[in-house]
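Participant: Quick note, the sequences are listed as chains F and U, same order. All residue numbers for the first sequence refer to this note's numbering, where the first residue is 1 and numbers rise by one. All residue numbers for the second sequence refer to this note's numbering, where the first residue is 1 and numbers rise by one.
None of these hints come from the bench; they were simulated from the model. Among these hints, one or two may not hold up.
Claimed, not checked - Here are the computed distance ranges between Cβ atoms for each label pair:
1) U/4 x F/157: 19 to 27 Å
2) U/163 x F/126: 37 to 45 Å
3) U/100 x F/70: 28 to 36 Å
4) F/126 x U/131: 53 to 61 Å
5) F/157 x U/12: 21 to 29 Å
6) U/159 x F/131: 29 to 37 Å
7) F/84 x U/78: 28 to 36 Å
8) F/71 x U/6: 18 to 26 Å
9) U/161 x F/207: 24 to 32 Å
10) F/71 x U/144: 31 to 39 Å
11) F/158 x U/24: 39 to 47 Å
12) U/100 x F/157: 40 to 48 Å
13) U/6 x F/5: 54 to 62 Å
To be verified - Below are the EDC-like pairs computed for lysine to aspartate or glutamate, each with C-alpha atoms no more than 20 Å apart in a straight line:
14) U/87 x U/156
15) U/2 x F/102
16) U/78 x U/91
17) U/163 x U/95
18) U/5 x F/102
19) U/155 x U/127
To be verified - Residues of chain U placed beyond 10 Å of chain F at every Cβ, according to the derived structure:
20) 4
21) 22
22) 27
23) 65
24) 88
25) 93
These numbers come from a predicted model, not from an experiment. All residues carry an ideal CB built from backbone N, CA and C; glycine is no exception.
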Amino acid sequence: MEAPFVAAATALWLGILTSVSPCPLASNIVAISYIGKGLGDTRRVVMAGLLYTAGRMLTYAVLGALIVASLASIVGVSDALQRYMNQLLGPALIVAGMFLLELLRWRSDAGGVAERVQRGADRWGLWGSAALGCLFALSFCPVSAALFFGSLIPLAISSGAFVVMPSLYGIGTGLPVLGFALLLAFGAGAISSIFDRVTRVELWARRVTGVVFIAVGVYYSLTYIFEVFL
Amino acid sequence: MKPRKAITGLLLAFVAVSFGYLALRSVRATREWRTPDAVEAAARPPESSPQTAGKIVAYYFHVTVRCTTCRAIEAYSKQVIHQRFAKELSDGRIEWRLVNVQLPENRHFIQDYQLFTKSLVLALMKDGLQQEYKVLNETWELVGDKAALEQYVEKEVRGYLRKL
Numbered sequence: 001m002e003a004p005f006v007a008a009a010t011a012l013w014l015g016i017l018t019s020v021s022p023c024p025l026a027s028n029i030v031a032i033s034y035i036g037k038g039l040g041d042t043r044r045v046v047m048a049g050l051l052y053t054a055g056r057m058l059t060y061a062v063l064g065a066l067i068v069a070s071l072a073s074i075v076g077v078s079d080a081l082q083r084y085m086n087q088l089l090g091p092a093l094i095v096a097g098m099f100l101l102e103l104l105r106w107r108s109d110a111g112g113v114a115e116r117v118q119r120g121a122d123r124w125g126l127w128g129s130a131a132l133g134c135l136f137a138l139s140f141c142p143v144s145a146a147l148f149f150g151s152l153i154p155l156a157i158s159s160g161a162f163v164v165m166p167s168l169y170g171i172g173t174g175l176p177v178l179g180f181a182l183l184l185a186f187g188a189g190a191i192s193s194i195f196d197r198v199t200r201v202e203l204w205a206r207r208v209t210g211v212v213f214i215a216v217g218v219y220y221s222l223t224y225i226f227e228v229f230l
Numbered sequence: 001m002k003p004r005k006a007i008t009g010l011l012l013a014f015v016a017v018s019f020g021y022l023a024l025r026s027v028r029a030t031r032e033w034r035t036p037d038a039v040e041a042a043a044r045p046p047e048s049s050p051q052t053a054g055k056i057v058a059y060y061f062h063v064t065v066r067c068t069t070c071r072a073i074e075a076y077s078k079q080v081i082h083q084r085f086a087k088e089l090s091d092g093r094i095e096w097r098l099v100n101v102q103l104p105e106n107r108h109f110i111q112d113y114q115l116f117t118k119s120l121v122l123a124l125m126k127d128g129l130q131q132e133y134k135v136l137n138e139t140w141e142l143v144g145d146k147a148a149l150e151q152y153v154e155k156e157v158r159g160y161l162r163k164l
């Protein structure tokens with residue numbers, strides 16, 4: 001009875017350890033700013049945080065199951081994800097940031113459709129958290145690769161919980177981000193309600209998120225594509 | 001409106017240049033690729049010194065972009081080997097090697113040692129041939145505790161030294 005509990009707690013702890021290490025710091029900042037951008041609406045922030053964590057959970061669960069079922073080689077998957085995902089992440093974040101700042105827009109010419117498009121974009125914004133979770137989970141850095149492939153996968157194999165352990169690891173990697181975003185949202189939410197300027201605060205939150213996306217995207221591109229910061 | 005357009009153009013140009021540079025690098029890497037024979041010759045460990053029957057090669061494998069934690073593991077490991085095994089280093093029983101696995105000629109190490117991240121690997125060599133190796137994966141879990149990591153590396157190196 002004790003062993004499965006210890007294994008589960010270890011998987012969760014490995015996830016937290018991954019998330020608080022310095023190497024995913026830039027992606028954590030992006031995630032916090034994205035999840036926390038719906039500052040005035042704490043329910044929305046909670047939903048976005050849960051979806052972000054669910055996205056990470058799902059990605060690690062699928063990856064873990066594929067590896068354990070020997071459908072993918074640890075070395076091949078780890079090498080490919082570390083090589084290409086971080087390189088693609090930079091330009092992807094810049095483009096996403098440009099959409100958030102409305103430097104780029106989806107075209108919608110038909111009158112009346114605009115409202116529906118806006119609603120769709122809002123909904124996408126919430127699901128965007130899950131997509132961001134999947135994307136960041138796949139962007140392995142040395143720490144996450146070492147702890148996921150080197151510690152978590154052997155733990156999943158020895159405990160026989162091929163999907164549960166990677167899922168718990170995913171929850172662990174999302175928890176610090178979720179906690180921080182909630183703190184930010186509750187804090188800013190309180191301030192914005194005091195001043196009764198929720199909409200204005202939300203507008204600025206979205207702008208800040210867009211700038212963070214672009215800044216981190218440029219940082220990722222300079223680091224992983226141009227290899228400037230070695 | 002003008003600065004907005006300028007920023008948009010600048011960012012899109014940056015994205016385009018990034019993809020262009022990536023493509024250029026991948027073409028260059030293909031050109032620099034050498035035949036497996038040449039790679040093997042370059043990677044072949046040097047002959048053991050005449051005074052020693054065998055030796056331990058302590059590899060630290062990294063890529064071009066170095067992360068903070070990777071640098072810490074490298075520094076602690078190097079410190080342990082250079083300070084606690086200075087005698088073995090000078091008489092050739094231990095050799096410290098830093099290898100960038102992103103270079104085309106070193107990529108085979110990824111498969112050779114089944115590396116999934118930056119790693120410290122001990123290889124036991126006898127008569128110029130590798131007898132066994134161990135990837136010290138626990139360094140990643142212990143990196144927050146310098147003393148524990150150093151103790152772990154020392155224990156593993158001592159274990160290999162006994163096999164010489």
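Participant: So which of those numbered hints doesn't the model satisfy?
Facilitator: Numbers 1, 2, 5, 6, 8, 9, 12, 19, 20, 21 and 23, in rising order.
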